[in-house]
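Sequences listed follow chains L and E, in order.
Following our numbering, the numbering of the first sequence begins with 1 at its first residue and continues without gaps.
Following our numbering, the numbering of the second sequence begins with 1 at its first residue and continues without gaps.
No lab work stands behind these hints, which were simulated from the structure alone.
These figures come from a predicted structure and were not determined experimentally.
Where is the CB? At the ideal position from N, CA and C, for every residue including glycine.
Treat the hints with care, as some may be off.
To be verified - Some chain E residues close to chain L (C-beta under 7 Å, calculated; not the full set): (1) Tyr33; (2) Pro40; (3) Gly43; (4) Phe54; (5) Glu56; (6) Gly62; (7) Ser95; (8) Gly97; (9) Asn102; (10) Arg111.
What the hints assert, rightly or not - In silico DSSO-like pairs for lysine-lysine, Cα to Cα no more than 30 Å straight-line: (11) E:Lys103 x L:Lys68; (12) E:Lys38 x L:Lys24; (13) L:Lys78 x E:Lys103; (14) E:Lys3 x E:Lys103; (15) E:Lys70 x L:Lys78; (16) E:Lys70 x E:Lys38; (17) E:Lys70 x L:Lys24; (18) L:Lys68 x E:Lys38; (19) L:Lys78 x L:Lys24; (20) E:Lys70 x E:Lys3; (21) E:Lys103 x E:Lys70; (22) E:Lys38 x E:Lys3.
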Amino acid sequence: DAGVIQSPRHEVTEMGQEVTLRCKPISGHNSLFWYRQTMMRGLELLIYFNNNVPIDDSGMPEDRFSAKMPNASFSTLKIQPSEPRDSAVYFCASSRGGSSYNEQFFGPGTRLTVL
Amino acid sequence: AQKVTQAQTEISVVEKEDVTLDCVYETRDTTYYLFWYKQPPSGELVFLIRRNSFDEQNEISGRYSWNFQKSTSSFNFTITASQVVDSAVYFCALSEGTGGYNKLIFGAGTRLAVHP
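Based on the provided sequences and hints, a complete structural model is requested.
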């Protein structure tokens with residue numbers, strides 16, 4: 001079975017540009033998570049979706065960040081406008097359910113560099 | 001408040017040595033779950049194990065073993081006869097039963113370097 005798929009794997013953009021990261025969760029998983037990983041802050045949860053509905057977006061840093069999940073097999077994380085401090089690795093993860101015992105499976109990540 | 005502490009920032013060993021990665025957690029919940037993930041140099045996070053708070057039995061999977069002790073709030077991970085392929089960053093994580101969903105609280109990670 002395919003794991004979580006993310007695209008692009010690498011993105012280099014200039015400050016002020018719009019960036020869109022994409023994620024396809026594992027088929028049959030109804031929970032989806034977006035994380036950001038930096039050296040300074042480690043792994044941070046940005047947003048959690050359950051059955052395509054955003055449940056917890058308290059980790060979204062600013063209004064420049066937005067996430068959508070139009071259907072069970074696709075989600076996007078958008079940064080507009082991007083800033084150099086947004087440079088990080090962004091992970092998407094999915095799980096079969098949203099109960100506390102459900103393990104999350106992570107995608108390969110998107111390494112974002114904002115110049 | 002919930003918290004996961006991995007006090008070892010980096011560990012360096014020579015191949016075939018045994019190595020233990022420490023994980024200490026804090027939670028007020030009586031029901032919770034602990035996880036270990038591996039992040040190899042390629043970057044992806046790989047799920048290794050889940051343990052619930054009611055099961056203190058140690059677990060062994062090949063060269064990997066996990067020791068869960070509620071009395072010390074620890075969930076340590078031991079690699080026996082380490083290999084170069086074990087070089088990675090290892091994360092311990094906590095999910096609380098009252099968290100509403102499987103929100104993971106991650107430790108800062110321990111970078112393990114296994115040298116030939």
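Comparing the hints with the structure gives:
1. Tyr33: holds (5 Å)
2. Pro40: It is violated, given that the least Cβ distance between Pro40 (chain E) and chain L is near 11 Å, above 7 Å.
3. Gly43: Nearest chain L Cβ about 5 Å off; hint holds.
4. Phe54: With a minimum Cβ separation of about 11 Å from chain L (threshold 7 Å), the hint on Phe54 (chain E) is violated.
5. Glu56: violated (16 Å)
6. Gly62: With Cβ-Cβ at 19 Å, over 7 Å, it is violated.
7. Ser95: It holds, given that the least Cβ distance between Ser95 (chain E) and chain L is near 4 Å, below 7 Å.
8. Gly97: holds (5 Å)
9. Asn102: holds (5 Å)
10. Arg111: Nearest chain L Cβ about 11 Å off; hint violated.
11. E:Lys103 x L:Lys68: Holds - the C-alpha atoms of Lys68 (chain L) and Lys103 (chain E) are around 19 Å apart, at most 30 Å.
12. E:Lys38 x L:Lys24: Measuring from Cα to Cα gives roughly 21 Å; hence the hint holds.
13. L:Lys78 x E:Lys103: Measuring from Cα to Cα gives roughly 22 Å; hence the hint holds.
14. E:Lys3 x E:Lys103: holds (12 Å)
15. E:Lys70 x L:Lys78: violated (41 Å)
16. E:Lys70 x E:Lys38: Measuring from Cα to Cα gives roughly 23 Å; hence the hint holds.
17. E:Lys70 x L:Lys24: violated (37 Å)
18. L:Lys68 x E:Lys38: holds (28 Å)
19. L:Lys78 x L:Lys24: holds (15 Å)
20. E:Lys70 x E:Lys3: Roughly 15 Å between the alpha carbons, so the hint for Lys70 (chain E) and Lys3 (chain E) holds.
21. E:Lys103 x E:Lys70: holds (21 Å)
22. E:Lys38 x E:Lys3: holds (19 Å)
The structure fails hints 2, 4, 5, 6, 10, 15, 17 (numbered hints given earlier, in ascending order).
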